[in-house]
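Chemist: The listed protein sequences derive, respectively, from chains B and H. Each residue of the first sequence is one higher than the one before, counting from 1 in this note's numbering. Each residue of the second sequence is one higher than the one before, counting from 1 in this note's numbering.
It is worth saying that the hints were derived from the structure and are not from the lab. Since we're looking at a predicted model, the values are computed, not measured. Mixed in with the good hints there might be a few duds.
It does not matter which identical chain is meant; a pair holds if it fits inside one copy or across any two.
Mimicking BS3-like on lysine-lysine, the simulated pairs with C-alpha atoms at most 30 Å apart in a straight line are [claimed, not checked]: (1) LYS305 / LYS207; (2) LYS292 / LYS410; (3) LYS390 / LYS207; (4) LYS305 / LYS229; (5) LYS179 / LYS190; (6) LYS229 / LYS128; (7) LYS370 / LYS292; (8) LYS95 / LYS304; (9) LYS27 / LYS229; (10) LYS43 / LYS27; (11) LYS185 / LYS279; (12) LYS125 / LYS229; (13) LYS370 / LYS305; (14) LYS128 / LYS367; (15) LYS304 / LYS152; (16) LYS379 / LYS257; (17) LYS152 / LYS80; (18) LYS95 / LYS353; (19) LYS367 / LYS257; (20) LYS229 / LYS370; (21) LYS152 / LYS95; (22) LYS406 / LYS125; (23) LYS257 / LYS370; (24) LYS370 / LYS304; (25) LYS279 / LYS47; (26) LYS25 / LYS403; (27) LYS403 / LYS21.
Number of protein chains: 2
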Amino acid sequence: MPTRPSVLNVLFDYIEENKNKFINKLKIAVSIPSVSCDQAHRKDVIKMMTWMMDQLTALNVTAELHDIGLQEFSNGTTLKLPPVILGSLGNDHEKPTVCVYGHLDVQPAALSDGWNTDPFELVIKDGKMYGRGSTDDKGPAISWLHVVEAFKNTNSELPVNLKFCFEGMEESGSEGLDKLLISRKDTFFKDVDYVCISDNYWLGTSKPCITYGLRGLCYFFVEVTCASKDLHSGIYGGTINEAMSDLIALLNTLLDKDGEILIPGIMEDVEIISPEEQKMYSNIDFDIDAYKNELGSPQLLHDKKEDLLMARWRYPSLSIHGIEGGFSEPGSKTVIPRKVIGKFSIRLVPYQKPDKVENIVRDHLIKQWKLRGSSNSLKITMNGSSPAWKSNPLHPHYTAAAKAIKYVYKTDPDLTREGGSIPVAITFQDIIEKNVLLLPMGSCDDGAHSQNEKLNINNYIEGTKMMTAYLYEVGLLGKNNH
Amino acid sequence: MPTRPSVLNVLFDYIEENKNKFINKLKIAVSIPSVSCDQAHRKDVIKMMTWMMDQLTALNVTAELHDIGLQEFSNGTTLKLPPVILGSLGNDHEKPTVCVYGHLDVQPAALSDGWNTDPFELVIKDGKMYGRGSTDDKGPAISWLHVVEAFKNTNSELPVNLKFCFEGMEESGSEGLDKLLISRKDTFFKDVDYVCISDNYWLGTSKPCITYGLRGLCYFFVEVTCASKDLHSGIYGGTINEAMSDLIALLNTLLDKDGEILIPGIMEDVEIISPEEQKMYSNIDFDIDAYKNELGSPQLLHDKKEDLLMARWRYPSLSIHGIEGGFSEPGSKTVIPRKVIGKFSIRLVPYQKPDKVENIVRDHLIKQWKLRGSSNSLKITMNGSSPAWKSNPLHPHYTAAAKAIKYVYKTDPDLTREGGSIPVAITFQDIIEKNVLLLPMGSCDDGAHSQNEKLNINNYIEGTKMMTAYLYEVGLLGKNNH
Chain B
1 MPTRPSVLNV LFDYIEENKN KFINKLKIAV SIPSVSCDQA HRKDVIKMMT WMMDQLTALN
61 VTAELHDIGL QEFSNGTTLK LPPVILGSLG NDHEKPTVCV YGHLDVQPAA LSDGWNTDPF
121 ELVIKDGKMY GRGSTDDKGP AISWLHVVEA FKNTNSELPV NLKFCFEGME ESGSEGLDKL
181 LISRKDTFFK DVDYVCISDN YWLGTSKPCI TYGLRGLCYF FVEVTCASKD LHSGIYGGTI
241 NEAMSDLIAL LNTLLDKDGE ILIPGIMEDV EIISPEEQKM YSNIDFDIDA YKNELGSPQL
301 LHDKKEDLLM ARWRYPSLSI HGIEGGFSEP GSKTVIPRKV IGKFSIRLVP YQKPDKVENI
361 VRDHLIKQWK LRGSSNSLKI TMNGSSPAWK SNPLHPHYTA AAKAIKYVYK TDPDLTREGG
421 SIPVAITFQD IIEKNVLLLP MGSCDDGAHS QNEKLNINNY IEGTKMMTAY LYEVGLLGKN
481 NH
Chain H
1 MPTRPSVLNV LFDYIEENKN KFINKLKIAV SIPSVSCDQA HRKDVIKMMT WMMDQLTALN
61 VTAELHDIGL QEFSNGTTLK LPPVILGSLG NDHEKPTVCV YGHLDVQPAA LSDGWNTDPF
121 ELVIKDGKMY GRGSTDDKGP AISWLHVVEA FKNTNSELPV NLKFCFEGME ESGSEGLDKL
181 LISRKDTFFK DVDYVCISDN YWLGTSKPCI TYGLRGLCYF FVEVTCASKD LHSGIYGGTI
241 NEAMSDLIAL LNTLLDKDGE ILIPGIMEDV EIISPEEQKM YSNIDFDIDA YKNELGSPQL
301 LHDKKEDLLM ARWRYPSLSI HGIEGGFSEP GSKTVIPRKV IGKFSIRLVP YQKPDKVENI
361 VRDHLIKQWK LRGSSNSLKI TMNGSSPAWK SNPLHPHYTA AAKAIKYVYK TDPDLTREGG
421 SIPVAITFQD IIEKNVLLLP MGSCDDGAHS QNEKLNINNY IEGTKMMTAY LYEVGLLGKN
481 NH
């Protein structure tokens with residue numbers, strides 16, 4: 001167990017003493033309903049970005065709101081994308097430069113979805129802070145503010161130069177971000193040595209981890225149209241081949257009852273597992289029963305820890321999210337929907353290329369459609385995609401982060417991968433060519449994208465200390481020559 | 001061609017002269033969003049019923065708003081049902097008594113569903129009055145007011161005693177109505193000779209009809225639950241047997257690609273067609289191409305007029321309406337829904353019993369569920385049902401109506417059946433034991449339950465004349481001894 005340097009003690013004390021202030025700041029952030037997928041909430045996303053700008057400026061960060069253009073919709077309309085914040089603090093050529101990324105937009109949420117409290121009001125109960133965005137990703141994102149504040153207000157020297165990158169479209173495919181990052185590759189991002197993203201979760205509820213891999217995503221819309229208007233099922237039922245039954249037949253060709261993807265070729269590029277990788281899964285601290293309980297699922301698709309982790313991290317999965325255009329409200333309505341859009345997505349793993357996946361999905365659906373011989377019209381769209389991301393967990397950047405974690409949590413972190421997608425990780429690694437590390441703050445049971453999303457106060461405060469120690473250790477590491 | 005009696009000329013002139021007044025009255029009725037399936041609109045349904053009460057009272061009808069109790073919801077909450085109006089005008093023992101039924105509630109509607117104009121504002125364009133409820137059923141229902149007004153204001157003697165029955169829950173299974181009607185069987189309804197319901201449509205757009213049959217309905221909810229909360233598909237995808245794919249597999253066992261119902265036993269009680277019935281379909285005036293154009297469907301399930309009419313009238317059909325609980329909004333959301341509810345309904349034909357249909361549907365779904373062997377939980381609910389209804393089109397009541405139609409439209413009406421359900425028809429016929437006739441006002445292309453629902457001004461005004469002539473002819477017919 002390494003002795004904690006005294007500067008960290010001072011910083012940790014500051015964080016501890018300012019706990020309530022930091023909680024109140026999260027309260028403000030959560031109260032802004034910055035739902036990026038909802039056009040009606042675009043103004044709130046922009047408000048959120050402006051609020052963050054003010055916070056950064058107050059901490060002497062040189063920051064700017066970057067216009068990233070227009071979002072185009074399928075009906076031809078456009079809407080201004082929320083700006084991206086790029087900010088800098090420190091310019092010491094002796095110090096390494098760390099770029100931290102976070103997002104300030106959130107998934108939709110409503111009381112009627114089954115929340116116990118207003119999703120846009122941070123409600124504290126039993127050490128947990130409930131609210132949309134508390135853990136994904138407002139809590140972690142604004143913690144970087146607290147880290148900077150701690151250094152500033154304790155007159156401790158910042159051990160690194162900091163670059164900030166905060167966006168407002170992550171939950172909607174980070175639209176417009178890549179283009180901005182690429183255009184700033186040789187300017188704003190030129191001197192960046194390390195990228196740190198805190199936008200994922202621990203594997204369990206008690207042990208911290210560092211994450212070196214993420215799955216990618218291809219999101220599909222399958223649209224079937226049978227008529228020029230919605231029809232009354234009494235008057236027309238029995239005379240028309242209904243779009244809904246066509247769509248259901250198509251969606252039913254995607255998965256078998258064990259969750260296996262039935263699309264031919266989908267496993268082609270998936271990496272063969274090596275004995276070393278196999279062994280790694282056995283060493284991970286993971287409680288399969290706690291996981292099962294957390295989901296409230298009667299039975300998982302895999303009983304063994306290793307198989308379950310592999311299913312989450314290194315194999316693709318397919319989920320059918322819902323159908324747009326049908327009757328989806330409570331109660332009964334005897335409608336024959338004229339047009340229905342099935343929505344499903346595939347999580348990609350390393351070496352799977354989105355373009356190729358799009359092609360095999362399209363081929364499969366078209367083949368099934370022809371087999372069915374429907375007279376209705378079919379339209380297949382891939383609505384966003386990103387490849388998987390995998391880094392080298394033996395890189396010194398990872399070792400530095402592990403050491404930082406040990407100062408706070410007094411344990412070595414697990415090295416994990418994640419099933420979700422953070423497209424910007426691959427942009428930073430493959431396009432901006434910087435070493436990326438994911439430093440999760442929240443616990444596995446935080447319920448990101450779900451009802452009653454929360455962040456534990458403990459994870460928030462200790463996580464802020466962890467980020468502080470991370471900057472300290474990266475400072476010692478120096479510039480990235482690896 | 002019989003000569004039109006002079007009293008009808010006077011009445012028809014009055015109706016013609018008061019056209020704009022009647023249109024304005026419909027404008028008010030449409031502006032009240034009396035959506036019965038939406039709890040938030042219950043107050044509007046009640047407002048609508050109160051408005052109708054005031055109209056009746058102003059015409060000297062002795063009417064009362066009857067409390068029909070509470071609606072119970074699956075979550076245990078209750079809501080007051082909208083009252084039913086029962087009203088009487090005239091009490092002459094020499095005259096026959098006609099009971100007219102209508103409903104004042106409507107299906108949901110929103111601009112975002114694809115309406116060209118606000119659905120709750122009556123917009124007139126090219127002789128068509130667009131608005132939710134214009135044709136289903138506010139237009140026809142309030143036309144009875146105009147009929148009474150015409151007799152009153154022209155000092156013409158009403159040839160029948162009138163009973164009015166108006167409800168506000170038809171679009172939600174007429175909940176609570178049957179109980180009230182049964183309890184008034186030997187009092188309010190005791191002297192009723194004939195029941196006239198104007199809540200359906202012509203078979204085409206130019207020829208009037210009288211309808212002697214309706215299909216029934218069994219509406220099913222199939223609920224599959226896989227987890228205790230919605231899950232992020234990145235984090236959890238691949239580890240859980242998702243409710244959505246189970247539900248889709250189940251729904252896919254209901255129909256084949258030609259719209260044939262795959263539930264064993266569903267055709268068991270369907271009447272075998274006789275040569276007479278077969279012949280009848282050939283004589284009906286029906287334009288299959290116009291029907292196809294109206295739907296905007298590339299291909300119908302039947303190419304021959306006779307087959308198509310039989311599919312609508314005398315064979316059951318199954319429609320899948322939608323899925324509740326999944327992601328059904330525009331855009332993308334990477335959610336694994338914890339619970340999804342598939343909604344489908346079967347239109348019943350004469351001799352099919354809802355109880356039996358419920359059992360065979362349940363048996364089928366449970367058998368398919370066992371075959372799949374899912375670990376998730378399944379719940380099947382029949383959410384409302386009504387048997388089919390069929391009357392005798394040779395009854396003098398029908399002959400009188402046909403004569404009335406000829407005074408207005410100068411042609412013999414077609415005798416038709418309908419694919420939709422009006423549960424109250426069977427209550428009046430089988431339980432209250434009165435002869436029922438359906439006298440449609442609207443055209444087949446009115447788009448009930450659909451976007452841009454409309455009623456042609458012509459159908460509205462000529463239909464009001466038709467109702468007037470109908471009362472005249474029934475007056476001549478005398479009491480119902482048949």
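Chemist: Pop the pair LYS370 and LYS304 into one bin, within, between, both or neither, using alpha-carbon distances up to 30 Å.
Modeler: Between copies only: 25 Å across, 40 Å inside.
Chemist: What label fits LYS152 with LYS80 when the C-alpha limit is 30 Å: within, between, both, or neither?
Modeler: Neither: 35 Å inside a chain and 62 Å across chains, both beyond 30 Å.
Chemist: Within, between, both or neither: how does the pair LYS43, LYS27 come out at a Cα-Cα threshold of 30 Å?
Modeler: Only inside one copy: LYS43 and LYS27 sit 19 Å apart there, 36 Å across copies, limit 30 Å.
Chemist: With identical chains treated as interchangeable, where does the CA-CA distance between LYS257 and LYS370 reach 30 Å or less: within a copy, between copies, both, or neither?
Modeler: Classified as both: same-chain Cα gap 23 Å, cross-chain 12 Å, threshold 30 Å.
Chemist: Please work out whether the CA atoms of LYS279 and LYS47 approach to 30 Å or closer within one copy, between two copies, in both situations, or in neither?
Modeler: neither (48 Å within a copy, 70 Å between copies)
Chemist: First find the shortest C-alpha distance between LYS304 and LYS152 inside one copy, then the shortest across copies, and answer within, between, both or neither for a cut-off of 30 Å.
Modeler: Result: close neither inside a copy nor across copies, 48 Å intra and 83 Å inter.
Chemist: How do LYS128 and LYS367 come out at 30 Å by Cα distance, when the copy is not named: within, between, both, or neither?
Modeler: neither (49 Å within a copy, 44 Å between copies)
Chemist: For LYS125 and LYS229, with the copy left unspecified, which applies at a CA distance of at most 30 Å: within, between, both, or neither?
Modeler: For LYS125 and LYS229, the Cα distance is within 30 Å only across copies (19 Å; inside one copy 48 Å).
Chemist: Since the copies are identical, ignore which copy is meant and state whether LYS229 and LYS370 lie within 30 Å (CA to CA) inside a copy, between copies, both or neither.
Modeler: within (24 Å within a copy, 37 Å between copies)
Chemist: Given identical chains, is LYS379 near LYS257, meaning Cα to Cα at most 30 Å, within a copy, between copies, both, or neither?
Modeler: both (26 Å within a copy, 18 Å between copies)
Chemist: Within, between, both or neither: how does the pair LYS95, LYS304 come out at a Cα-Cα threshold of 30 Å?
Modeler: neither (45 Å within a copy, 82 Å between copies)
Chemist: Can you tell me if LYS25 and LYS403 fall within 30 Å by alpha carbon in one copy, between copies, both or neither?
Modeler: Answer is within: at 28 Å inside a copy they meet the 30 Å cutoff, but 78 Å across does not.
Checked against the numbered hints listed earlier, the structure breaks hints 8, 11, 14, 15, 17, 18 and 25; every other hint is satisfied.
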